[in-house]
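S.K.: This is what each chain is made of:
Number of protein chains: 2
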Amino acid sequence: MSLQAVEKEIDRLIKELNEEDIIEIISKIPAGKRLRARLMLEIAPNIKETIKGAAIIEMIHAASLLHDDVIDNASMRRGVASINALYGNKSAIMVGDILYSKAFFELVGFKEEIAKIVSNAVVNLSIGEREDVRLSEEFNPNKDRYYKMIYQKTAALIEAASEFAAILANKDREIYKTYGRNLGIAFQMIDDILDIISDSKTLGKPALSDFKEGKTTLPYIYLYEALNKEDKKRLKSLHKKELNSSEQSWILEKFKEFNIINRCKNEALGLINEAIDLMQKAGEKGLESIAIKMVDRSF
Amino acid sequence: MSLQAVEKEIDRLIKELNEEDIIEIISKIPAGKRLRARLMLEIAPNIKETIKGAAIIEMIHAASLLHDDVIDNASMRRGVASINALYGNKSAIMVGDILYSKAFFELVGFKEEIAKIVSNAVVNLSIGEREDVRLSEEFNPNKDRYYKMIYQKTAALIEAASEFAAILANKDREIYKTYGRNLGIAFQMIDDILDIISDSKTLGKPALSDFKEGKTTLPYIYLYEALNKEDKKRLKSLHKKELNSSEQSWILEKFKEFNIINRCKNEALGLINEAIDLMQKAGEKGLESIAIKMVDRSF
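Chains as they are written, first to last, in the working numbering: chain D, 1 to 299; chain V, 1 to 299.
Hints listed in this document are in silico derivations from the structure and should not be mistaken for laboratory results. This one's a predicted model, so the numbers in the text were calculated from it and none came from an experiment. Among the clues, some could well be false.
[As the list claims (entries may be wrong)] In the BS3-like style, the derived pairs of lysine-lysine whose C-alpha atoms are separated by at most 30 Å in a straight line are:
| hint | chain 1 | residue 1 | chain 2 | residue 2 |
| --- | --- | --- | --- | --- |
| 1 | V | K90 | D | K148 |
| 2 | D | K90 | V | K256 |
| 3 | D | K90 | V | K236 |
| 4 | D | K212 | V | K90 |
| 5 | D | K177 | D | K201 |
| 6 | V | K111 | D | K8 |
| 7 | V | K236 | D | K116 |
Construct all of the structure, not just a fragment, from the sequences and the given hints.
M.R.: Here it is, written out as structure tokens:
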């Protein structure tokens, strides 16, 4: 059983819609890493239902990204033009709805327990996306709200995918839930850190796009806590602004001064290490390696 | 059992989301006539599950309208400001997703057969909304495509609601499916006819908004069939345009000349009468009366 089988299953389900132009649009959605499907294949290999289950989860994930990109006015997704950029916001909304509803239709074929877990994750995911937008409206110094939001927006579906597969494979679901949740939260935290430490091609230094878009990610929350009163004010004044070179440099220096990035990396690593420990104890080499690679590839 | 119980159930389910601002936004969605809930209460009265089922269907309907209004750039809904007008497109998309996913989460508590029927209707509804937009891009002379689109966009969920209730009440589902489907198609046809025969407040004559927005509804399809070659061309040339007074009058005259509106009314009435017949035979006075009122109120 392989990712290829999942891709084929997604194609088969989409073709059942019998709508050529929709099939065409969906074919333009880049597949991405298929993290959720890969986890499920590792947790529940050699089980026929895993293929369909993974296809459903990836369709839900794709639907959520279509709507996210409309909401974020994103023109790119995974290095290529986003669906809203290619076909307009309306098509992206509608195709997202079609993908969601087809996924739910297929989900209903699984037992109630599974359907509840996955649909509950989609409730979380939708609320998380909304909370992400809300938190971007003002400077958010609240770590708990940040954590809850990234759990809902990113980790809930990965957690649900892991639990789904654990149920299919008759494995101890709590272990796999924790693994999926930790990976999901760490994955989002790493993404947020990379926005600060990766050089932008055009600038030659980090663009700090998240902060410009209003997103007060974990490093900014810790930085705010560490700064003195005056600098707190300065940081807040730069929130959601187009930063000039010296403002950017100031933020980056302050991150360095207070060792914020390492602190955030360690927090993400703590979650990943807990996930790795669980998988070591469970003898899950493949899942251990997925977690290790997530860190290696990023930092 | 009453509509009030359904409203309370919707409120209860929304409150479970535990998100105050979302509850606030959803409270601003006008309830409308709750046609789907009323049908379900008539078909399956005195059954506890009907209340929750009707709440789910109305939440799905509300979610679809939130997305429709974004897609149509609608500023009004049921006589008040639409959610996208009040809170912006992003909020309308996200709250729509939250309503959809919460409805699906609750739907999963019903037996698989019911969950399949309803989720399949949502697939249809999403495809129908997309097809409505696509058909508006060019002049559509194809009656079959019009019929299929309004079935998917409007009738599929009403049909599913009726079947859902018939299953709950252990009644002959085919009869109620047909009733719901006919009512749904006729409902949309009547809506499309009203756009042509109802005087706009500001103009003192019909605004023909659908045609201006590109929607070639049934009367336009029949008119196109009836016109001579030259007039066919003229009609097509007016499609999707801001019409001046003489162009509007020309279209209205042509509708009169070929008796198009009566023909369309009769087609809608035929569907309604079939629905009424079925309900008479089944001794369903309440459902008969809903169908009769739908016509009386409109024409």
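S.K.: So, for every hint listed, does it hold in this structure?
M.R.: Hint check results:
no., hint, verdict
1, K90/V to K148/D, "holds, 21 Å"
2, K90/D to K256/V, "violated, 36 Å"
3, K90/D to K236/V, "holds, 25 Å"
4, K212/D to K90/V, "holds, 19 Å"
5, K177/D to K201/D, "violated, 37 Å"
6, K111/V to K8/D, "holds, 29 Å"
7, K236/V to K116/D, "violated, 50 Å"
Hint compliance for this structure: hints 2, 5 and 7 are broken, all remaining hints hold.
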